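Protein chains in written order, with our numbering: chain A, 1 to 327; chain B, 1 to 507.
Since the hints were derived computationally from the structure, they do not count as laboratory data.
Quantities reported herein were computed from a predicted structural model and do not represent experimental measurements.
Check the hints yourself; a few may be wrong.
Said to hold, decoys possible - Examples of chain A residues toward chain B, derived with CB under 7 Å: (1) Ala46; (2) Gly47; (3) Phe52; (4) Ala78; (5) Ala81; (6) Ala287.
What the hints assert, rightly or not - Sample of chain A residues lacking proximity to chain B, with all beta carbon distances greater than 12 Å (derived): (7) Thr111; (8) Glu148; (9) Phe253.
Stated by the list, open to error - Covered stretches of chain A, as calculated for chain B (at least 3 residues, CB under 8 Å): (10) 92-104; (11) 161-167; (12) 212-226; (13) 289-298.
Glycine is no exception: its CB is placed at the ideal position from the N, C-alpha and C atoms.
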Amino acid sequence: MTHLTRRSVLRASLGAAAVSLVPFREAARAETYPSRNVRMVVPYAAGGTTDFVGRLIAEAMSAPANGPRFFVENKAGAAGAIGMKDVAGSKPDGYTVLLGDSTMAVTPTLTPAAGIDPLKMFRPISLVATFPSVLVVHPSVPAKTVAELIAYAKANPGKINFGSGGVGTVPHLQGEQFRLKTGTSLQHVPYRGAAAALQDVVAGQIQMLFTAAPTALSFIEGGQLRLIATTGAERLPIAAQVPTLVEAGVKDFVSSQWFGLLAPAGTPEPVVARLNEMAVRATRDPALSKRIADQGGFPQPGSPDDFARFIASEIKTWGEVVRASQT
Amino acid sequence: MDTLAQLANGFAVAFSPANLLWCLVGTTLGTAIGVLPGLGPALTIALLLPITFQVAPEAAFILFAGIYYGAMYGGSTTSILLNTPGESATIVTALEGNRMARSGRAGAALATSAIGSFVAGTIGTMGVTFLAPVVVGLALLFGPAEYFSLMVLAFVTVSAVLGSSAVRGLASLFLGFYLGMIGIDLQTGQPRLTFGLTELLDGTNVIVVAVGLFAVGETLYVAARRHAGRDEIVPLRGSLYMTREEWSRSWRPWLRGTAIGFPIGAMPAGGAEIPTFLSYVLEKRLSRKPEEFGTAGAIEGVAGPEAANNASAAGVLVPMLTLGLPTSATAAIMLSAFQSYGIQPGPLLLDTQPALVWGLIASLYVANVLLVVLNLPLVGLWVRILKIPAPQLYAGILVFATVGTYGISQSPIDLVLLYILGGIGFLMRRFDFPTAPVVIGMILGPMAETEFRRAMTISNGDWTVLFTHPLSAALLALAFAALFGPRLYRLILAWRGPRPDHVPGGA
């Protein structure tokens, strides 16, 4: 006990000393930030969409070429929790940032034990991009529109299995959301990764899938999958003839996977403002916008507070879906 | 002949001096990372992804393919010499390969795995060239029910590695099931047996388990017995490479391993591990010297599985190139490299990017030749490692195992796990429990569980799907035959007239 007390006293006094220094150091830092390389943690393995977006934005934020660089570090594990905790526990000085994704809005409700509370752990910097999903079915399903699909699912309860890359992924929750909003009975079949789910819907083992647009599109062109709708607020430029779910009559169904930059909570506001400025400029870069659009995404840079409000509303939306699907 | 013309164009791409150089760099790098523990092809290619901003797509993919094939060659080296498999595909290689190394035939084991890899890699690449559309069609027929039946077949054949005591073997197998269950349950998203540790949510890594049980356990065992005066490693006996007899014992396993590995590798959930088990079991059954398995080390048990894992590596490229679907971590990263070039992988890739795809395929042939040329001379060098005196050698193995384990996910929990498993491995060795079934149970158990539950979800709980799907039924019939066939055969022999030299229970 004595030892503990002594240590906490020591820590408290150090903390007080640090606080008294903050105004001075903060001002000095914000002007010169970034003066050295910045670590951008991607909480998933290399090769996924988060990694893809992370590498694009890190490259774009590293301009000018001779200045400090943003470099991606993959810190995968426990559905992103390990990487997120790593960033939350890092020094809030702007030299560690997180390329976070929609999972952080699901985990607090789905796995409270993981101890993820994004708005307490992080200071949001900017949303980077949103990626709506596409709703596809195997051609054996006799439905060409959303209305026909709902009618078929209602007439054949238990006939429609929808896949996903795992429990709690956005495509899984989009399926649950679709089931709840349309009153159909759909069965969820989780896979290890979205590619395995896509494979099984192409093979006709399962009937329906919410998934990322680009990979699915080549199967749609080849006639191996049928595209029913997209989940975004607006139509996808790479599949402009296909209606959104809202247009097709499913009320309030707008959801996407999203990616954004966050810093550890307590990062000085001037540094956050500087990071936001850099992220917004990088995201608006035409070359980067085009690469995101080619992958079916919408670049959506904004202010730190907009991003914070967006995360809060996502936690609410997905929290409701998770709770409704668990009962 | 269209394919041949396309392939010729592909060779024109692959034989350009710059691309040959990329291929050489890739294969050398691949061999090196295959030998180093904890560094796999997936991680290496991920680290090299930024290169896609600098060089032409053909060059990048030739480099990546070289790394991918090279790692498959290099991976067997540590399995054979140090009993420390660097990746899950070479776990089975360690079973016989390390025994051969201890009895002075490390050179032959390394040679048969290098040449077997060449044979399997080349035949597998031919499979990619000529059979890809057919194979992928077949692979798509495999649904959850079929996979589960394939697992049943694998379980039945696993009995061959259970060892002399069924009770001990099954105890090991069940320990493997237990380890495989740790982590988030795929079907419900609930954590199982994680004791609140975030690090355990993703489960235990099979390489950590294999290295802990095999390498660390073995080292502890040797250390404990050192004063008993046994130093069992013979650096080299006989010729460095394979003898005539070893050649004649190797070529059939190479071909059989290829035949098993390629189609399973092409299946979406096939992987590289199951074909190596199946090949090992098949070779053990067919071997003319079954008594060498598990004792002096049988060359068939290295040749078959090594061919199987290389053929499955070629198989993995089939869904990747024809459908744009990754079925391994490495394939996933290669696909993301396609995307960073703005090339959309998918069923139309062959039509939209013929030069790239055929150049890549042609470079695989080149990579195979380069790899065997590169690896055979290295055998002489590797064998010298075994001349290191035992205390230093085993200390080196411990360092190697520890660094490699830490390299996999930089998690201290993995290191704790490695040494706990090392302790368990030591006890198992001391009390004569076989360790291989742990690893096999750990790989097969969760796969069987997942596929079964998935099949039941899709069929709404109707388990007859396992028999009504023709492929699934055929696989179950095969499993049934493998289980009861030998017994029936013996019964028939006995019925025809008991032979005097028949020993009851001797088989």
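These are the hints, each one checked on the structure:
1. Ala46: 3 Å, holds
2. Gly47: With a closest approach of 4 Å, the Gly47 of chain A hint holds.
3. Phe52: Cβ of Phe52 of chain A sits 6 Å from chain B, so the hint holds.
4. Ala78: 4 Å, holds
5. Ala81: Holds - the Cβ of Ala81 of chain A comes within 7 Å of chain B, reaching about 6 Å at its closest.
6. Ala287: It is violated, given that the least Cβ distance between Ala287 of chain A and chain B is near 11 Å, above 7 Å.
7. Thr111: Violated: least Cβ distance 7 Å, not greater than 12 Å.
8. Glu148: Non-interface label on Glu148 of chain A holds, nearest chain B Cβ at 22 Å vs cutoff 12 Å.
9. Phe253: At about 23 Å from chain B, Phe253 of chain A clears the 12 Å cut-off, so the statement holds.
10. 92-104: Since three or more residues must qualify, the claim that chain B covers the region 92-104 of chain A is violated, with 0 doing so at under 8 Å.
11. 161-167: holds (count 3)
12. 212-226: Held - the region 212-226 of chain A has 8 residues with a Cβ nearer than 8 Å to chain B, which meets the minimum of three.
13. 289-298: holds (count 3)
Against the hints set out earlier in the document, violations occur for numbers 6, 7, 10.
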